[in-house]
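Novice: Taken in sequence, the protein lines are chains A and B.
The opening position of the first sequence corresponds to residue 0 in numbering that gives the first Met the number 0, with each subsequent residue numbered one higher.
The opening position of the second sequence corresponds to residue 0 in numbering that gives the first Met the number 0, with each subsequent residue numbered one higher.
Among these hints, one or two may not hold up.
To be verified - Simulated restraints on C-beta separations:
id, chain 1, residue 1, chain 2, residue 2, range
1, A, V38, B, R72, 46 to 54 Å
2, A, I56, B, E92, 49 to 57 Å
3, B, K30, A, K30, 42 to 50 Å
4, B, G194, A, D96, 38 to 46 Å
5, A, G194, B, R66, 31 to 39 Å
Said to hold, decoys possible - These stretches of chain A come out as covered by chain B in the derived footprint (C-beta under 8 Å, 3 or more residues):
id, segment
6, 69–83
7, 115–121
8, 147–154
9, 161–169
Stated by the list, open to error - DMTMM-like cross-link-like pairs, simulated, lysine to aspartate or glutamate; straight-line CA separation at most 25 Å:
id, chain 1, residue 1, chain 2, residue 2
10, A, K146, B, E128
11, A, K233, A, D207
12, B, K146, A, D76
13, B, K146, A, E9
14, B, K146, A, D112
15, B, K146, A, E132
16, A, K146, B, D76
17, A, K30, A, D182
18, A, K30, A, E228
19, A, K146, B, D130
20, A, K146, B, E119
21, B, K146, A, E128
Honestly, the hints are just simulated from the structure, not real lab data.
Nothing here was measured: the structure is a model prediction, and the numbers come from that model.
Backbone N, C-alpha and C define an ideal beta-carbon position, used for all residues, glycine too.
There are 2 protein chains.
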Amino acid sequence: MIGIGAGDPEHVTVQAIRALNHVEVLFVVSKGPEKKDLVRLRREICDRYIERPDYRIVEIPDAARDRRPRDYRAEVDAWRVRRAALWEPAILEELRDGGCGGFLVWGDPSLYDGTLSVLEQIRVAGNVELDYEVVPGISSVQALAAKHRIALNRIGGAIQITTGRRLAEGFPEEADDVVVMLDGGCTFREVALSGIDIYWGAYVGTDDELLLAGELSEVSDEIERAREEVRRRKGWIMDTYLLRRHERG
Amino acid sequence: MIGIGAGDPEHVTVQAIRALNHVEVLFVVSKGPEKKDLVRLRREICDRYIERPDYRIVEIPDAARDRRPRDYRAEVDAWRVRRAALWEPAILEELRDGGCGGFLVWGDPSLYDGTLSVLEQIRVAGNVELDYEVVPGISSVQALAAKHRIALNRIGGAIQITTGRRLAEGFPEEADDVVVMLDGGCTFREVALSGIDIYWGAYVGTDDELLLAGELSEVSDEIERAREEVRRRKGWIMDTYLLRRHERG
Chain A
0 MIGIGAGDPE HVTVQAIRAL NHVEVLFVVS KGPEKKDLVR LRREICDRYI
50 ERPDYRIVEI PDAARDRRPR DYRAEVDAWR VRRAALWEPA ILEELRDGGC
100 GGFLVWGDPS LYDGTLSVLE QIRVAGNVEL DYEVVPGISS VQALAAKHRI
150 ALNRIGGAIQ ITTGRRLAEG FPEEADDVVV MLDGGCTFRE VALSGIDIYW
200 GAYVGTDDEL LLAGELSEVS DEIERAREEV RRRKGWIMDT YLLRRHERG
Chain B
0 MIGIGAGDPE HVTVQAIRAL NHVEVLFVVS KGPEKKDLVR LRREICDRYI
50 ERPDYRIVEI PDAARDRRPR DYRAEVDAWR VRRAALWEPA ILEELRDGGC
100 GGFLVWGDPS LYDGTLSVLE QIRVAGNVEL DYEVVPGISS VQALAAKHRI
150 ALNRIGGAIQ ITTGRRLAEG FPEEADDVVV MLDGGCTFRE VALSGIDIYW
200 GAYVGTDDEL LLAGELSEVS DEIERAREEV RRRKGWIMDT YLLRRHERG
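Isolated chain A, as found in the complex (with noise of 0.2 Å):
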């Protein structure tokens, strides 16, 4: 599992181009609109990096989803079991006995991505005899950071990384950072409180890359405005911020 960072393609690692010229096979899942952009980084990254010539790219069909469930938790859990269901039989028919085939990830691995527990998943149904590793990459919340040029805590502070929907349900209290992803519209909206300041980004490390920062209150319809338009453009958005409490006391 070879996560290849966050978009900009130099943010791939050494480790990941080695395990990018060791695997025979790339696995990749179509996903929806976001398709022809993503295709065309990955395309970049393969290219650029991956020096053998005999690599094949098997595109897996992703399984569908319910977007919008009654019970989150439960969907998500479903959901994964039906791409387990896909992935198993390309694993089995791409692979040879001993080979070794790779999953690209999108950011890291580690952070909001069910690539590696549909993979679990497999290896523990013991339908394949199957073993990986994790390859580390550079995350958009990294990404982000990087960009606005600032920390993710402040001095002994608590970093809070979570999802629209839950930051729907409040601001949390056990940390004045706040790093939210997963927000498929404008959550921060609902934060009532004043005296946050938001450092928002979308598509970060790409040449689409779009950076707003201010005082929640004063730059929200800016960011609203700007998220929707760029949407509405390219099909498909990805985006995540930082709410920073501004300090207490």
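Given chain A, work out where chain B should sit, using these hints.
Specialist: Same frame as chain A, now just chain B:
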């Protein structure tokens, strides 16, 4: 500011390699007993990736620091001022007008590292006309997760990244997955709750790497022993861990 990863020279990104080859001077901040090992690792990274023959390494002495202050934040603030006072003349002296220097940062510059804020302080002070970019790096947290082959979050869950100091005040309520950094001791021993798994690692990514995992109550003695033994032998330790609360309900 160049993040160079958690210790494995292969964590270095293509972006970092480009930056390493762009700078004329590499500023490195000398630290305490860890010096020997880290200097060796750093030299390995420079030798391996820097192709320009004319770069210089300049060591900056680090400022003294009270490790057991009454007011932690005030002391770190003051320490940063002392660091800026040592770094600023080094930059003025070693860099020509229009020159470019690099600061190497272990892990990722956005995560519990003060380099960024010291440079920003120097920039704001205005005695050096200074601009800088940040190159993200693989953090020890990501390296830890990759080696244990785990995601940091669970489905839809939040992650808290915190310090040993804060963990001593209690296990967070708002996240079931808690990453602990900067723990000078074994603060996980003070977590009274049962039903917690720990994924621990020291020197992750280096030849000295140690990994241990299991139910906290069952492995905490073993981790403490291993940690103490290796800390004594090497004279310093760099460890991180994830505490994972069992599913509730």
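Novice: For each hint given before, does the structure comply? Return the numbers of the non-compliant ones in rising order.
Specialist: As far as the earlier hints go, not one is violated by this structure.
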